[in-house]
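Trainee: If you want the building blocks of each chain, they are given just below.
There are 2 protein chains.
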Amino acid sequence: MSERKFRYVGTRPVRHDGVDKVTGRAAYGADFSLPGMLHGAVLRSPHAHARIVSIDTRAAEKADGVHAVITGADLPALEPRWMPGAEGRVDVRDVAHNCLARERVLYHGHAVAAVAATSPERARAALQEIEVVYEPLDPVLDLDTALAPGGPVVHEDPAPLQDRGELPPNVAGRMEIRRGDVDAALARADVVIEREFTTPMVHQGYIEPHACLAQVGQDGRVTLWTSTQGPFICRTYCAAVLGLDVGELRVIPSEIGGGFGGKTTIYLEPLAIALSRRAGRPVKLVMTRQEVFLATGPTSGARVEMQLGAMRDGTLVAGRCRMYLEAGAFPGAPVFPAVAAAFACYRLDDVEIEGFDVLVNKPKVNAYRAPGAPISTFATESVIDELARELDIDPIDLRLRNAVREGDRAVYGPRYGPIGLVETLEAARSHPHYRAKLGVGQGRGVACGWWINAGMTSSAQVTVAPDGSAVVVTGNPDIGGSRVSLALMAAEELGIPVERVRPVVADTDSVGYTDGTGGSRVTFATGMAVIEAARDVVEQLRARAARIWDVELDDVRWEDGRAIASGGTEHAPLGLGELARQAAATGGPLIGRASLTAPMAGPGFATHICDLELDAETGRSRVVRYTAIQDAGKAVHPSYVEGQLQGGAAQGIGWALNEEYVYDAQGHLENDGFLDYRIPVASDLPMIDTVIVEVPNPIHPHGVRGVGEVPIVPPLAAVASAMSDVAGVRFTELPLSPPRVLHALEQRDARG
Amino acid sequence: MSERKFRYVGTRPVRHDGVDKVTGRAAYGADFSLPGMLHGAVLRSPHAHARIVSIDTRAAEKADGVHAVITGADLPALEPRWMPGAEGRVDVRDVAHNCLARERVLYHGHAVAAVAATSPERARAALQEIEVVYEPLDPVLDLDTALAPGGPVVHEDPAPLQDRGELPPNVAGRMEIRRGDVDAALARADVVIEREFTTPMVHQGYIEPHACLAQVGQDGRVTLWTSTQGPFICRTYCAAVLGLDVGELRVIPSEIGGGFGGKTTIYLEPLAIALSRRAGRPVKLVMTRQEVFLATGPTSGARVEMQLGAMRDGTLVAGRCRMYLEAGAFPGAPVFPAVAAAFACYRLDDVEIEGFDVLVNKPKVNAYRAPGAPISTFATESVIDELARELDIDPIDLRLRNAVREGDRAVYGPRYGPIGLVETLEAARSHPHYRAKLGVGQGRGVACGWWINAGMTSSAQVTVAPDGSAVVVTGNPDIGGSRVSLALMAAEELGIPVERVRPVVADTDSVGYTDGTGGSRVTFATGMAVIEAARDVVEQLRARAARIWDVELDDVRWEDGRAIASGGTEHAPLGLGELARQAAATGGPLIGRASLTAPMAGPGFATHICDLELDAETGRSRVVRYTAIQDAGKAVHPSYVEGQLQGGAAQGIGWALNEEYVYDAQGHLENDGFLDYRIPVASDLPMIDTVIVEVPNPIHPHGVRGVGEVPIVPPLAAVASAMSDVAGVRFTELPLSPPRVLHALEQRDARG
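Going line by line, the protein sequences match chains A and B.
First residue of the first sequence? That's 308 in the working numbering, and the numbers climb one at a time after it.
First residue of the second sequence? That's 308 in the working numbering, and the numbers climb one at a time after it.
Heads up, some of the hints might be wrong.
Which copy is meant is left open, because identical chains are indistinguishable; a pair holds if it fits in one copy or across any two.
Claimed, not checked - Cut-off 20 angstroms, straight-line C-alpha distance, at most; resulting in silico cross-link-like pairs (DMTMM-like, lysine to aspartate or glutamate):
{"hint": "1", "residue 1": "K369", "residue 2": "E697"}
{"hint": "2", "residue 1": "K312", "residue 2": "D867"}
{"hint": "3", "residue 1": "K312", "residue 2": "E438"}
{"hint": "4", "residue 1": "K312", "residue 2": "D971"}
{"hint": "5", "residue 1": "K328", "residue 2": "D862"}
{"hint": "6", "residue 1": "K328", "residue 2": "E515"}
{"hint": "7", "residue 1": "K328", "residue 2": "D338"}
{"hint": "8", "residue 1": "K328", "residue 2": "D526"}
{"hint": "9", "residue 1": "K744", "residue 2": "E920"}
{"hint": "10", "residue 1": "K369", "residue 2": "E920"}
{"hint": "11", "residue 1": "K744", "residue 2": "D699"}
{"hint": "12", "residue 1": "K369", "residue 2": "E428"}
{"hint": "13", "residue 1": "K369", "residue 2": "D451"}
{"hint": "14", "residue 1": "K328", "residue 2": "D861"}
{"hint": "15", "residue 1": "K328", "residue 2": "E555"}
{"hint": "16", "residue 1": "K744", "residue 2": "D862"}
{"hint": "17", "residue 1": "K312", "residue 2": "E885"}
{"hint": "18", "residue 1": "K744", "residue 2": "D324"}
{"hint": "19", "residue 1": "K369", "residue 2": "D445"}
{"hint": "20", "residue 1": "K369", "residue 2": "D381"}
{"hint": "21", "residue 1": "K312", "residue 2": "D490"}
{"hint": "22", "residue 1": "K369", "residue 2": "E713"}
{"hint": "23", "residue 1": "K369", "residue 2": "D861"}
{"hint": "24", "residue 1": "K744", "residue 2": "E428"}
{"hint": "25", "residue 1": "K312", "residue 2": "D464"}
{"hint": "26", "residue 1": "K312", "residue 2": "E866"}
If you are wondering where the hints come from, they were derived from the structure by calculation, not from laboratory data.
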């Protein structure tokens, strides 16, 4: 398979949705409207933790233009029950209570009530008329408070479905991996480094706020337009929260202005549906940026305790890692992937990894690009960097000595198939960047990263029109260029130019069940379905040609978009266009379809190099050069693979240098806008250089593996190690904002 | 097959789109809007026939709020070329010139220019600013003028693609059927009746005017929302008229408020697209009722010369029929079906039928429910009625003596399979209506009718959701209840209640190619595709069960929605719901699909009985009792079959009694609204009684044949014969409006 010559896969055509998106024609979540539509607004808790004593909505219901007011009492009371989630499983009751609070509000910004009125202004005005009496409770705002015995408790009856054993009240879950004898191995080591790391709660920072439009008919049937990564997930969740069958909902995904995992759950959708049902009119709900920060899923703030031992030659001998991840107000921190990532890049026989899911009175975390992996990897790669310095070994050489290869057993279980970690390290070592001389006040850091890459369920339909063009229908909203990637794979199989393939994202009624756009799964798993559906069409095309020629099917082969009869020149080849034109007369339209549950895609690996310049007087730093190297299996559309590498690196750099949720002592979020919550903008970053390594993935017909998540994993450590390199002091606490860096430099100088 | 016991097919559930439609949630052609949308208006010719000397749009282009103005010069110049049409083939150039005139306007209301502006008022105001200089020409307004040598000519270069032979200038085509020796046979006959009949040009009278919304991106790609019977036909036509590939258009059908054949072509769509392209903004075009009457397809006015001979015992021996059908301003009167219908109900060895397609300066005719068949059938059935009187034979007995049966060769070619004409006649003879005593001033008429019923191309997808509900996706807009009919057939195959099946009408990108909703083909041909797709799902369900049980596929059968293992009770049956829940784990989603080109469905037959009361002083008549009896093959949803019978009868009664296009001497339509063009309303008609006969159609898996068109075929003659019965004078000219009837009564009395 690795020898297959591709004609379209691997090229860089203009994406089909490109013109739509740069000219404003593409319709995002807030761009849908219906006749008679009402506008909604959501009342949110001013407290981080409080009991709701009473809610009086009578005045609001009478306010100008108001057609409906709902509170938690208007949604069905649910028993705890597991539901498949974007990240493992979730308790349906938690999802419901996160959308609309019941007895208690659990974070600043938690939704308490919602209003639908004839204009957004009237809806917001009516919120002021809702009288809520709160009884404030002590909030749990950090891991120390959460874990301290006798402190405040987030849930009186926490996580009823989980097997909690002897866990403290605010710990919703725990997992561990143990192998070998870590104490004995560490005792044998020549060097042992032990450090504690902290990372802040950070937001995905997608540009498009959550937005949806719900229409409920008198028969109760729901049509929902929404900006989501997973229309089918959205359908499942909304049905569960509202006590409906999934068959009663039709979810139509809009274009999506970024998600990065943050649009794999629901927030506004059940409120819009409940308001529409009550008002008898369509209801649109659009979040403000402030609401996005207050009440949608960031990723966990965390503390990671890391111990790693090595021999003098650089061979790692043992690792121990304990991590505490903030879940926010409901269980569900990304503990498993953080635990799995900790030592996924290295051969280690003796390991202990332990992870805790810790409740705090902050917004419920949600998936964020390779959820959890950057957190534990920041610790591991920082310590590896320190080991390399201690042992005076080149940090890439040290990593190569220990890097996992095909056949090694991953710390988290399975044996690795063909993987590309070594290839990315070797590419890094031979890259001009790695040998370039650093300027004054500059430091360099290197880090690796791993991500598991999901498989899951996908469906696809490929049809051929009478003009010989094809349509690829899938159920995955296009975030990172998946339309053109899927079209390229179909073009490859059919043998027609990718411009003649139109990729379509359909709604939940029009396409077979398809899991969300996430887990780096779309080009891999939905791509497999598209290839299978295209091959189904090719089989039909061969059969049509066989029929026209009156020969056996086996005597017709498909090459470069043409049916060719074997043996001699009796029959001139029949192109797809000609066969398409004749389709109605030779057996009807040409339609291929596939549906499958794909295995895990197989992991992806990356190595990043970061050069950073520090202004020692102010503590301000700037990334001056950055190279991201990653194994893509096969880059279907290299530009969008490069874009993923650049985007992931940019987000990781922001996490490392600037981003963090800032709360006051009462748990009020103080930086709820992009002016105060600083994500990197174009002028903050150099052009990020990329190198794509291709170690074909044997379980995908075109060799593809996921690429979207790996690139956010290395930057935290790459940036922090570069900072340590220039500052001469190890940084273990993110973000490396100027005050914190300045403080460390002052301490260094004081130690003198 | 005829013994198959149905569980869901044949029941009468509430239609899935019923609540939407009675509560106003359903979105019709004019109900779509987009941000930045412009509103269009069309300038129409005040002349029936004129040369366009010049069009000056400069003032209009500068008018308030105007963003685009187009004339015929802005659409591509096309060479004549055949395209598949809803009714046979059409010349793409004719379609284009009918949408927007070029050098000449050919009928009153012919589109000349179009404007897009920020409001409908501004668009209409700008039309006044367009200066058109016309050079009026003599119009051709009736068949006599059209056929007279040396008279005015509609097209200087008529119908270049047709083999016209020696036809006069305004005759665009001719067809004939000849068998045996008619002159010899007529010479043998005991009785020969010879009469000439005329029928007026009438409109389909659908309630929803034409409406569409077009959006053209900067890349030229077109999205079109429109009220159409055929989204794929609309795509083909618009692409041809605008010089695009079909792949560049996506047509999204709205709900449709009636079509009856009249929405099988395009009018506004290419104008909206051209305006949107020029303005760079979405453009909506909605016709007024006046525009619908002026410029959309009525059916032909016609003259039919009929000669029929019979023996004294009632045996028909020969028939001769010559008919002239008005095509309107472009070729395409329904000559073939009118010719085929003339003697389709009877065994006749000696026949001559000849039909002419005649151009006149009136709107281009379009399909109208069994196009052409009511026209020739009016003549045939009126003469049969007269023969029965002449020979003193009961008119049903006379028809039974001559009725076609299985194995007979149809006059138009093929041998009949199992058909139900005799059954409908017998049902009529034994119906209480036929024996009921007539009141004073009342008359009774009987007539039969035939329709061919189309097959054509259809696609379908059936998916099963994790909750065990199913979705049926097709490409046919639902006019007469096809959603529920298709859902019933899927429910039957899957073995789940029809309420658990959701029928969806998808756009041209999301479903495989599907011909239009017309020709009575949807429940038949698209139904075949749905059944095939559902059976595809059942095969998958059996395979999943076999996998779960670890048995051979052949050992699993599907019964009543459950997989059952053969031989013993080792495995409890697995219901569709359980298999659906496990689908992701047993091989992925369940998706079935089918696409096929169906054969002709096989003809349908009907017998109608009409009682009519005449006020001899005013000439006003009223249908007081009406019974429509028809062979449906198998009535999938009897209520909607009954609805079709009632609707077709109502339209036929309107045609017989009141409807007609009234032109002045210059060719201006004088009755361009529902106040002056009188279609029957509920208070005009009795409840129409229906009897469904079921002679299963062997080529459809559930025995279905088309039902929608047959019921408009008999009423013209049934009503006219009832009028003759009470008035004692034969009526050969429709409509039987009070002045015409009064005039006939006066002539009768004058003859004394």
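Trainee: Now look at each hint and say whether the structure bears it out.
Mentor: Hints and how they fare:
no. : hint           : result
1   : K369 with E697 : neither (71 angstroms within a copy, 78 angstroms between copies)
2   : K312 with D867 : within (12 angstroms within a copy, 49 angstroms between copies)
3   : K312 with E438 : neither (68 angstroms within a copy, 62 angstroms between copies)
4   : K312 with D971 : neither (59 angstroms within a copy, 72 angstroms between copies)
5   : K328 with D862 : neither (45 angstroms within a copy, 53 angstroms between copies)
6   : K328 with E515 : within (13 angstroms within a copy, 34 angstroms between copies)
7   : K328 with D338 : within (13 angstroms within a copy, 25 angstroms between copies)
8   : K328 with D526 : between (36 angstroms within a copy, 11 angstroms between copies)
9   : K744 with E920 : within (13 angstroms within a copy, 106 angstroms between copies)
10  : K369 with E920 : neither (60 angstroms within a copy, 58 angstroms between copies)
11  : K744 with D699 : within (19 angstroms within a copy, 115 angstroms between copies)
12  : K369 with E428 : within (15 angstroms within a copy, 36 angstroms between copies)
13  : K369 with D451 : neither (46 angstroms within a copy, 71 angstroms between copies)
14  : K328 with D861 : neither (45 angstroms within a copy, 51 angstroms between copies)
15  : K328 with E555 : between (31 angstroms within a copy, 17 angstroms between copies)
16  : K744 with D862 : neither (62 angstroms within a copy, 73 angstroms between copies)
17  : K312 with E885 : neither (25 angstroms within a copy, 44 angstroms between copies)
18  : K744 with D324 : neither (42 angstroms within a copy, 71 angstroms between copies)
19  : K369 with D445 : neither (35 angstroms within a copy, 67 angstroms between copies)
20  : K369 with D381 : within (18 angstroms within a copy, 55 angstroms between copies)
21  : K312 with D490 : neither (51 angstroms within a copy, 74 angstroms between copies)
22  : K369 with E713 : neither (68 angstroms within a copy, 71 angstroms between copies)
23  : K369 with D861 : neither (74 angstroms within a copy, 66 angstroms between copies)
24  : K744 with E428 : neither (58 angstroms within a copy, 70 angstroms between copies)
25  : K312 with D464 : neither (59 angstroms within a copy, 55 angstroms between copies)
26  : K312 with E866 : within (13 angstroms within a copy, 48 angstroms between copies)
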